[in-house]
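Assemble the whole structure, with the sequences as input and the hints as a guide.
Residue numbers (full-length UniProt numbering), protein chains in the order written: chain G, 1 to 343; chain S, 1 to 343.
Quick caveat, the hints were computed from the structure, so don't treat them as lab data.
Among these hints, one or two may not hold up.
Note that the list lumps identical chains together, so a pair holds whenever it fits in one copy or between two copies.
[Claimed, not checked] Think about it this way: if two alpha-carbon atoms lie no more than 25 Å apart in a straight line, the pair counts; the simulated BS3-like pairs of lysine-lysine are:
no., residue 1, residue 2
1, Lys199, Lys210
2, Lys210, Lys266
3, Lys179, Lys157
4, Lys289, Lys156
5, Lys125, Lys196
6, Lys331, Lys99
7, Lys199, Lys308
8, Lys125, Lys266
9, Lys156, Lys199
10, Lys150, Lys308
11, Lys125, Lys47
12, Lys150, Lys179
13, Lys331, Lys308
If you're wondering where the values come from, they're calculated on a predicted model, not measured in any experiment.
Protein chains: 2
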Amino acid sequence: MAPTTNNRVIFAAIPKDYPIPGETTVYDTTQTIDLDAVPLNGGFIIKTLVLSVDPYMRGRMRDPEIKSYSTPFKVGAPTTGYGIGVVVRSEHPDVAVGKYVYGGELPHQEYTVLSSAEGLVFLEKDPELPWTVYVGAAGMPGKTAFMGWKELAHAKKGETAFVTTGAGPVGSMVIQLAKRDGLRVIASAGSEEKVKYMKEIGADVVFNYKTTDTAEVLAREGPIDVYWDNVGGDILDAALEHSALYARFVICGMISGYNTGHTGIKNMHQTFSRSLSINGFIVSRLEPKYDTEFYATIPRALASGEIKYREDVSNGLETVGDAILRVQQGKNTGKAVVVVAEE
Amino acid sequence: MAPTTNNRVIFAAIPKDYPIPGETTVYDTTQTIDLDAVPLNGGFIIKTLVLSVDPYMRGRMRDPEIKSYSTPFKVGAPTTGYGIGVVVRSEHPDVAVGKYVYGGELPHQEYTVLSSAEGLVFLEKDPELPWTVYVGAAGMPGKTAFMGWKELAHAKKGETAFVTTGAGPVGSMVIQLAKRDGLRVIASAGSEEKVKYMKEIGADVVFNYKTTDTAEVLAREGPIDVYWDNVGGDILDAALEHSALYARFVICGMISGYNTGHTGIKNMHQTFSRSLSINGFIVSRLEPKYDTEFYATIPRALASGEIKYREDVSNGLETVGDAILRVQQGKNTGKAVVVVAEE
Chain G
1 MAPTTNNRVI FAAIPKDYPI PGETTVYDTT QTIDLDAVPL NGGFIIKTLV LSVDPYMRGR
61 MRDPEIKSYS TPFKVGAPTT GYGIGVVVRS EHPDVAVGKY VYGGELPHQE YTVLSSAEGL
121 VFLEKDPELP WTVYVGAAGM PGKTAFMGWK ELAHAKKGET AFVTTGAGPV GSMVIQLAKR
181 DGLRVIASAG SEEKVKYMKE IGADVVFNYK TTDTAEVLAR EGPIDVYWDN VGGDILDAAL
241 EHSALYARFV ICGMISGYNT GHTGIKNMHQ TFSRSLSING FIVSRLEPKY DTEFYATIPR
301 ALASGEIKYR EDVSNGLETV GDAILRVQQG KNTGKAVVVV AEE
Chain S
1 MAPTTNNRVI FAAIPKDYPI PGETTVYDTT QTIDLDAVPL NGGFIIKTLV LSVDPYMRGR
61 MRDPEIKSYS TPFKVGAPTT GYGIGVVVRS EHPDVAVGKY VYGGELPHQE YTVLSSAEGL
121 VFLEKDPELP WTVYVGAAGM PGKTAFMGWK ELAHAKKGET AFVTTGAGPV GSMVIQLAKR
181 DGLRVIASAG SEEKVKYMKE IGADVVFNYK TTDTAEVLAR EGPIDVYWDN VGGDILDAAL
241 EHSALYARFV ICGMISGYNT GHTGIKNMHQ TFSRSLSING FIVSRLEPKY DTEFYATIPR
301 ALASGEIKYR EDVSNGLETV GDAILRVQQG KNTGKAVVVV AEE
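Given below as structure tokens:
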């Protein structure tokens, strides 16, 4: 068979602030692949079906000299991330053609030759869910909410939780888990449309942090027993100021600082005044403990509508760069997913 | 019997920064008390023997409108704090003359009439220890170290701990508890004399934070698994920067901010990058859990020399104001105690 295109998204340069399509990320159509002839050396080829675009990716677009929990993207190579593919040819004894794989390091390209299945999860799809959900509410962001909440919130019925980025894929799941546990939920997001969505999924007090002062809301509706932090900065400071005695702070992310630098937190002395417990986590470190429980319960709850989710789907690999930027700007409504190919 | 003097230390004004003797605290010699005639109404009189001077007292010298974990001092009334007294007259059925009491709210005056024994601890003195120790290594600061370490450090043999204010009454106890648990200990203090003392009590790496850059020491000797914070500010930031994966931060106090305001903490994003656990505490909230174990073990370990301590003792109630200032300036060498009267 003749070679087919193998289009890619290349990490072209380390961004100064926001990652601009055409500068930071470049869509490249120069490569081809011969699916029948390319040597596999005992490995297999996957065809990329969906790719996930997530806030943490900004942290990988850094000078490789700077250490962090994630490996840096390599300038000149494709960006990578969570995604789902289908095996189209295989020499690997454990990897059959037609199997679906979920991985956290899939290159942003149409086809990828892999030598090993290490780190991949083989998925069975719920017939009522599309594959896109398996990188969202049933994928990394859903796991982030589920596992972080289970491990660190120590939620008690009747308590008050404050959830930031409550309309996003992580925050919207946290709101619903908190409501299931019987908490009163205050939730914030950055647009009126997002505020409306948070109300729809059950948050008790909702507000737009861009037009309403977070500290004022928390002064009126708090103090808060659980704080779910996806933003950091001034909002973390306001949460510290309006925390209850023995409050738990679950530090999941700090998007306010990813592009323009982290601001100093002024209220850390509340940590001892109020005997606070502030815990950070990375979902991959909790997966071994909770993966079985997660896959056994959450996809079904999503398919039945018991837990709601929404997606912001764009089509075609060429939309990845724009999706990356929009997520950093908070312009996505729902989990950002790129459909690269139908099966 | 004729009335006797009942000299006092009065909280005269809320300080702008450091609490100045003669302005913030005023020694007052105008009062008298008739120990035989003063009505007790079923209560008792204690004669003050020793008073404790501690960093947290600065937090009580505030505008009473500002909420905090401690009650504010009242302008015009005596300052109060941890202390030990002996009962010299009693109408209370459970409080015999000659009993020794330990309390956290003793007024800074020679004699005090109390109506209730609530909140007081009746102490039996180890014959080899002076009473002063019972407000220090065998009192609140010792309990702070012992209970905070037991509850929050989750120390494992072979790990590295970093202890700030390591020559002070809390920090010096923490260093010794960490060494008993088999940790390697980095410790900082603010003078060469204090640095020498930290080495004497077993710290492995010691330095003067005023002349040596904390971040440089931690870059070379870290990363750190346990951080004991008594200071906050830039040193907390350096500890965050050089923390190990899954490090525990025990937030005990932040004296760097008490007099001149808290600086912003810039490295809080390490909380999720490294899955940190940052926990604050107030010793009084842990006493119900650990008091029995503490009194059963620590005074004996102090008397035998197994755990070392040192005191900075001044004599006479008139020295309280100066002791309060010196503690805020870090000029005390050892636990600051004022001996008000011999028995």
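Notebook entry, point to check: When no copy is specified for Lys289 and Lys156, does a C-alpha distance of 25 Å or less occur within a copy, between copies, both, or neither?
Noted result: both (22 Å within a copy, 22 Å between copies)
Item checked: Copy assignment of Lys331 with Lys308, given that the CA separation must stay at most 25 Å -> within (20 Å within a copy, 60 Å between copies)
Next item on the list: Pop the pair Lys210 and Lys266 into one bin, within, between, both or neither, using alpha-carbon distances up to 25 Å.
Entry: Both, since 20 Å and 23 Å are each at most 25 Å.
Check: Between the shortest in-copy and the shortest cross-copy C-alpha distance, which are at most 25 Å for Lys150 and Lys308: within, between, both, or neither?
Finding: Close inside one copy (19 Å), not across copies (43 Å); limit 25 Å.
Margin query: At most 25 Å between alpha carbons: which applies to Lys150 and Lys179, within, between, both or neither?
Written below: within (13 Å within a copy, 34 Å between copies)
Margin query: Regarding Lys199 and Lys210, is the shortest C-alpha distance of 25 Å or less found within a copy, between copies, in both, or in neither?
Written below: within (17 Å within a copy, 52 Å between copies)
Note to self: Within a copy, between copies, both or neither: which one fits Lys125 and Lys47 at a CA-CA cutoff of 25 Å?
What the structure shows: within (17 Å within a copy, 77 Å between copies)
Item checked: Status of Lys199 relative to Lys156 across identical chains (alpha carbons, at most 25 Å) -> within (21 Å within a copy, 45 Å between copies)
Item checked: Copy assignment of Lys125 with Lys196, given that the CA separation must stay at most 25 Å -> neither (30 Å within a copy, 65 Å between copies)
Checklist line | Identical-chain pair category, Lys331 with Lys99, by Cα at 25 Å | finding: Close neither inside one copy (34 Å) nor across copies (70 Å); limit 25 Å.
Check: How do Lys179 and Lys157 come out at 25 Å by Cα distance, when the copy is not named: within, between, both, or neither?
Finding: within (9 Å within a copy, 41 Å between copies)
Checklist line | Within, between, both or neither, where Lys125 and Lys266 count as close if Cα-Cα is 25 Å or less | finding: The answer is neither: 46 Å in one copy and 43 Å across copies each exceed 25 Å.
Checked against the numbered hints given earlier, this structure breaks hints 5, 6, 8; the rest are met.
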